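A.B. asks: One line per chain: the protein sequences are A and B, in this order. If you use my numbering, the first sequence corresponds to residues 1 to 640, in order. If you use my numbering, the second sequence corresponds to residues 1 to 364, in order.
Read the hints as simulated data drawn from the structure, not as lab findings. None of these values were measured; they are calculated from a predicted model. Any given hint might turn out to be false.
[To be verified] What the simulated footprint calls covered on chain B by chain A, stretch by stretch (three residues with Cβ under 8 Å from a Cβ of chain A suffice, anywhere in the stretch; the number is not a length):
{"id": "1", "segment": "53-66"}
{"id": "2", "segment": "140-149"}
{"id": "3", "segment": "173-182"}
{"id": "4", "segment": "256-265"}
{"id": "5", "segment": "269-282"}
[Unchecked claim] Pulled a few chain B residues facing chain A out of the computed Cβ check, cut under 10 Å:
{"id": "6", "residue": "Ala233"}
{"id": "7", "residue": "Ala235"}
{"id": "8", "residue": "His252"}
{"id": "9", "residue": "Gly317"}
Every residue gets a Cβ at the ideal spot worked out from N, C-alpha and C, and that includes glycine.
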Amino acid sequence: MSRASQHLQRVFARRYMTAFVLLACVATATFVISFRLTSIEKERAHVLILATEQRALSQRIAFLVKGMDETRDPVRAEELRIELDATIGRMRQAHRVLSGESKDDQHLARFTKPLQEIYHGGHIPFASRTTQFLENARIIAATNRFSSEWDLAEPLREEIVRSATNSMMQTHGLMVMILEAEARRDNTLSKWVDLTSWLSILAMLMVVTFVIFRPMRREIVSAVVKVEGEKSRADSAEAKAIAANKARGAFFQSASHELRTPLNAILGMSDVIREKEIDEIEQEVEQISAAGDHLLALLNNILDAHKLSQGQLKTEDKPFSLDRTMGRVSALAQSLAEEKHLQYESEVDIPTDLIVDGDSARLEQILVNIVDNAAKFTEQGTVSLVAHVDKNNPGRAGLHVAVSDTGIGIPPEQLDQILNRDTADQAALARNGGLGIGLSVAKELAELMGGSIDIQSTVGKGTRILIAIPFAIKVAESGNSIAVESAQSETPSAEAESASPPVFFGGKRSFKALVVDDNMANRMVAEALLKPLGAETETAVDGRQAVAKAEAELFDIIFMDISMPVMDGIEATIEIRAGTGASRKTPIIALTAHVDVDEFETLRGHGFQDIITKPVRKDTLSRALHRWLPDSEEWSEEVA
Amino acid sequence: MKRIGLLIGLMPLLLSDPVAAETGARVERAKEVLRIAGSSTVAPFALAAGGLVASTTEVIVSETGTGAGIDTICAADGISADATGASRPIHADELERCAKNGFDKIYEVTLGLDGIVLAQSKSVKPIALTAKDVYLAVAKNVPRADNECVMVTNRRQKWSDVRSDLPNRSILFIGPPHGSGTREMFRKLIMEEGARQVSCLASIEKRSPTFFRAAQEFRSDGHWVDGGEDDHAVAHSLHYIRQAIGIFGYSHLKRDPSISAISIDGVEPSAETVTHGDYRAARKLYVYATAQAVSEKPSLENYLRRFTSQESIAPNGILTEMGLIPVSSAGQVRLLDAQTGETVDGTIDRPDDLASSHSDNHTQ
Chain A
1 MSRASQHLQR VFARRYMTAF VLLACVATAT FVISFRLTSI EKERAHVLIL
51 ATEQRALSQR IAFLVKGMDE TRDPVRAEEL RIELDATIGR MRQAHRVLSG
101 ESKDDQHLAR FTKPLQEIYH GGHIPFASRT TQFLENARII AATNRFSSEW
151 DLAEPLREEI VRSATNSMMQ THGLMVMILE AEARRDNTLS KWVDLTSWLS
201 ILAMLMVVTF VIFRPMRREI VSAVVKVEGE KSRADSAEAK AIAANKARGA
251 FFQSASHELR TPLNAILGMS DVIREKEIDE IEQEVEQISA AGDHLLALLN
301 NILDAHKLSQ GQLKTEDKPF SLDRTMGRVS ALAQSLAEEK HLQYESEVDI
351 PTDLIVDGDS ARLEQILVNI VDNAAKFTEQ GTVSLVAHVD KNNPGRAGLH
401 VAVSDTGIGI PPEQLDQILN RDTADQAALA RNGGLGIGLS VAKELAELMG
451 GSIDIQSTVG KGTRILIAIP FAIKVAESGN SIAVESAQSE TPSAEAESAS
501 PPVFFGGKRS FKALVVDDNM ANRMVAEALL KPLGAETETA VDGRQAVAKA
551 EAELFDIIFM DISMPVMDGI EATIEIRAGT GASRKTPIIA LTAHVDVDEF
601 ETLRGHGFQD IITKPVRKDT LSRALHRWLP DSEEWSEEVA
Chain B
1 MKRIGLLIGL MPLLLSDPVA AETGARVERA KEVLRIAGSS TVAPFALAAG
51 GLVASTTEVI VSETGTGAGI DTICAADGIS ADATGASRPI HADELERCAK
101 NGFDKIYEVT LGLDGIVLAQ SKSVKPIALT AKDVYLAVAK NVPRADNECV
151 MVTNRRQKWS DVRSDLPNRS ILFIGPPHGS GTREMFRKLI MEEGARQVSC
201 LASIEKRSPT FFRAAQEFRS DGHWVDGGED DHAVAHSLHY IRQAIGIFGY
251 SHLKRDPSIS AISIDGVEPS AETVTHGDYR AARKLYVYAT AQAVSEKPSL
301 ENYLRRFTSQ ESIAPNGILT EMGLIPVSSA GQVRLLDAQT GETVDGTIDR
351 PDDLASSHSD NHTQ
């Protein structure tokens with residue numbers, strides 16, 4: 001998380017917390033005020049009820065006294081007396097509360113306060129009058145209704161009735177009015193408090209909005225603008241990187257082509273010289289040839305790595321023999337081990353007639369890379385190759401190859417780097433100063449084919465690399481659905497190139513070959529390689545010359561470079577095929593510095609029969625001749 | 001008999017000030033108790049005069065209203081007050097009742113003048129009213145129009161309904177109850193005059209006094225509230241019931257600085273306006289006692305003298321300081337024949353001081 005992001009998060013958290021606290025405070029204050037007001041109103045209502053009740057109680061007392069006076073029924077008189085006693089008690093209790101005499105009800109003092117001046121002020125305090133009223137009533141209640149004392153107390157009864165209907169009722173009524181007025185006033189106050197609370201909440205919301213969230217909004221906008229700016233810069237940088245990558249890719253393509261041309265000459269000339277079997281320089285020629293091969297492998301790995309990075313590398317899906325591919329790899333591994341005087345052990349258990357669908361060239365590339373590494377980093381001991389196929393899944397053949405060595409091993413911290421294309425170079429440099437992208441390319445190729453590569457290594461003891469790649473079974477053991485060789489005829493794959501042992505034409509049969517290449521060294525290599533095979537060669541430096549020569553003369557085979565000035569190989573082939581010249585049906589083999597699967601199909605569409613990638617090697621040429629000139633008549637019919 | 005003794009022993013508490021009643025048990029047996037009933041307006045003066053009598057006499061004052069007070073001094077069963085305060089003169093029918101109950105002669109002591117004030121809290125905007133305004137606000141039924149004496153129920157809710165230039169404030173009077181002398185004088189001095197200011201009623205007054213009198217009936221729809229006999233309570237209530245107008249004696253106005261008087265017909269109540277008769281709602285205050293009671297209780301005679309002494313009613317006298325407004329007839333004592341209502345000359349029981357103490361020139 002970036003510092004800006006952390007800052008933004010802190011700002012958000014702080015402001016949200018502040019807003020929450022502020023709003024919570026306001027809400028709490030509003031609740032407390034509301035709760036308090038409700039409590040106050042409850043107590044006020046209680047006092048108001050008491051005062052109102054006093055009026056009714058005084059009337060009730062007068063009524064009961066009159067009732068007792070009027071009744072002649074002792075039972076009724078007793079009932080009235082009991083009720084009178086109870087009413088007096090209630091009125092006395094309420095009087096104590098309202099007049100502030102009750103110590104238990106001091107919490108109501110704020111509401112009874114306006115009444116205190118009436119109760120206790122003036123010349124004749126109302127509290128005294130009320131007490132006297134109650135005392136008079138108590139005397140009546142204590143007097144036997146049917147005694148002579150009752151008759152004597154008539155003025156007292158009259159006074160009770162008069163007092164109840166006058167001062168008790170009216171002054172208590174005045175108290176009720178006072179309490180109501182206070183309630184109305186406090187109600188108005190309460191409304192103001194409510195209004196103030198509402199305004200406070202609004203104000204707080206505005207504060208939260210304008211003081212907290214608005215600046216936050218600015219910060220967000222600022223952050224977004226900043227992010228957008230950075231994204232824009234990143235996009236720009238990415239675009240530049242893509243452009244640079246493209247340029248690099250183009251450079252790789254171009255460099256590859258440029259490098260292959262002299263490499264073609266070096267390797268081709270080495271083969272020519274080797275053919276001459278000059279004893280004095282045989283070892284040197286071998287060295288030149290080995291160095292050239294190494295250089296070629298490096299070149300291919302660089303190109304493949306680039307294509308993988310661009311997602312441009314594709315594998316083809318052609319039938320091939322797993323056993324033969326493993327045979328070639330094993331032979332190479334043996335050769336590499338022997339060169340370094342290492343012990344080589346091989347255990348390949350693959351049915352010879354198992355044909356699978358896949359890219360044999362890429363499989364071979366993967367395995368060669370791994371075997372080459374094993375030999376390279378092992379100074380003594382053993383290099384071993386174990387391969388077998390599992391057919392646990394119907395229709396699928398899982399190829400399992402283990403390549404082990406007793407070499408220097410790979411430190412654990414470098415394992416991941418070696419398998420990563422982007423860091424492989426550095427890791428490899430750290431190991432032996434070489435360009436170490438082979439393993440990473442192998443791993444990616446394996447994954448591209450649906451497989452995996454796993455490395456187990458102990459520093460100083462050696463490395464074991466496990467390769468597992470699944471293939472769809474095309475022809476199982478003893479199957480006969482498709483002939484392997486016919487399948488191979490469709491592709492310029494390594495399988496096809498080594499599907500059968502080289503056939504040498506030299507001395508047995510002569511044929512006429514046209515070599516078209518703008519590079520003189522390449523032409524020389526081709527001629528030098530073809531002539532020992534029995535060829536009479538003609539050359540052309542561009543497509544135009546090639547068309548002219550093919551028009552004029554019948555060639556058995558034409559080797560056509562693709563990239564040429566004046567007229568390129570594709571255009572020339574199209575013209576030859578479209579023309580009426582003598583060589584219009586002659587097999588035309590494309591010579592290219594590099595070729596993709598898709599490109600091969602395109603070239604076939606333009607009239608090419610096969611493709612040979614540069615640098616051209618003697619074996620490659622002889623296999624092509626074997627394929628396309630075994631029987632010229634048969635071939636002529638096939639083309640027709 | 002013990003029970004009877006107790007009851008009779010408690011009888012003096014009847015109509016008495018409970019404070020005094022509560023302390024009554026501690027009063028020495030030698031003390032003579034005087035019970036003064038009647039007008040709440042007179043009550044403060046009655047109490048003050050009680051403070052001037054000898055310590056062997058205890059004066060107990062109760063506020064019963066003028067009418068009830070007069071009834072008690074002339075009560076048939078003999079259990080009565082010794083004297084009563086009145087905020088109006090005794091009525092002929094009351095004198096007749098006294099005579100009927102065996103009280104032939106009644107002493108009337110004029111205390112002085114008092115104004116019936118209409119007051120409100122000082123916290124509300126002052127208003128000035130006319131007697132007509134008050135009439136139109138208080139009367140239960142009022143003429144449909146000034147010149148059309150078809151009486152209709154008074155629907156005026158606010159003062160602005162009475163007169164458009166009066167404030168938009170609810171009409172609420174807290175006034176004296178039935179039986180109160182102040183209520184009766186208020187009706188007579190203000191309501192009657194107010195009714196008279198309505199032209200059609202003025203014209204009808206002499207033709208149909210009954211109609212005229214009925215037109216002064218107080219409304220009972222909540223705009224008039226009987227505040228009881230306790231003037232102090234009414235005055236105090238104005239602090240809280242701010243839209244209300246209280247009606248009580250001038251002396252209470254003097255005691256409460258937070259309330260102010262409302263002018264009637266442009267005259268505010270004051271000692272001067274009441275004395276000079278400019279303020280129309282002025283009445284005399286009296287104390288009445290039966291000659292029988294005076295003769296039976298020497299302390300009562302002594303007590304009545306307090307209302308005639310200069311110590312009480314001179315311009316800086318105790319009662320004057322309390323708000324009693326001096327008048328030429330203040331301190332005058334008349335012995336009334338209950339049968340005829342006439343003043344009896346050569347009254348034997350008339351205290352000398354009572355007759356001679358007022359030498360002022362106040363006119364009534």
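A.B. asks: Each of the hints needs a verdict: does it hold here or not?
C.D. replies: A quick look at each hint next to the structure:
Counting residues of the segment 53-66 of chain B whose C-beta lies closer than 8 Å to any C-beta of chain A gives 5; at least three are required, and the coverage claim holds. For the segment 140-149 of chain B, the stated coverage by chain A is not satisfied: 0 residues place a CB nearer than 8 Å to a CB of that chain, which falls below the threshold of 3. For a cut-off of 8 Å, the count of residues in the segment 173-182 of chain B with a CB near a CB of chain A stands at 3, and the three-residue condition holds. Against chain A, the segment 256-265 of chain B contributes 0 residues with a C-beta closer than 8 Å to a partner C-beta. That does not satisfy the three-residue criterion, and the hint is violated.
Check on the segment 269-282 of chain B: 0 of its residues sit with their Cβ under 8 Å from a Cβ of chain A, so the three-residue criterion for coverage is violated. Hint status for Ala233/B relative to chain A: holds, with the closest Cβ pair at about 4 Å, below 10 Å. Evaluation of the Ala235/B hint against chain A yields a held restraint, the C-beta minimum of about 9 Å falling below 10 Å. Interface restraint check: His252/B against chain A, minimum CB-CB distance 9 Å, threshold 10 Å, status holds.
Of the supplied interface hints, the one on Gly317/B is violated, with its beta-carbon coming no nearer than about 18 Å to a beta-carbon of chain A, more than 10 Å.
When each numbered hint is compared with the structure, violations occur for hints 2, 4, 5 and 9.
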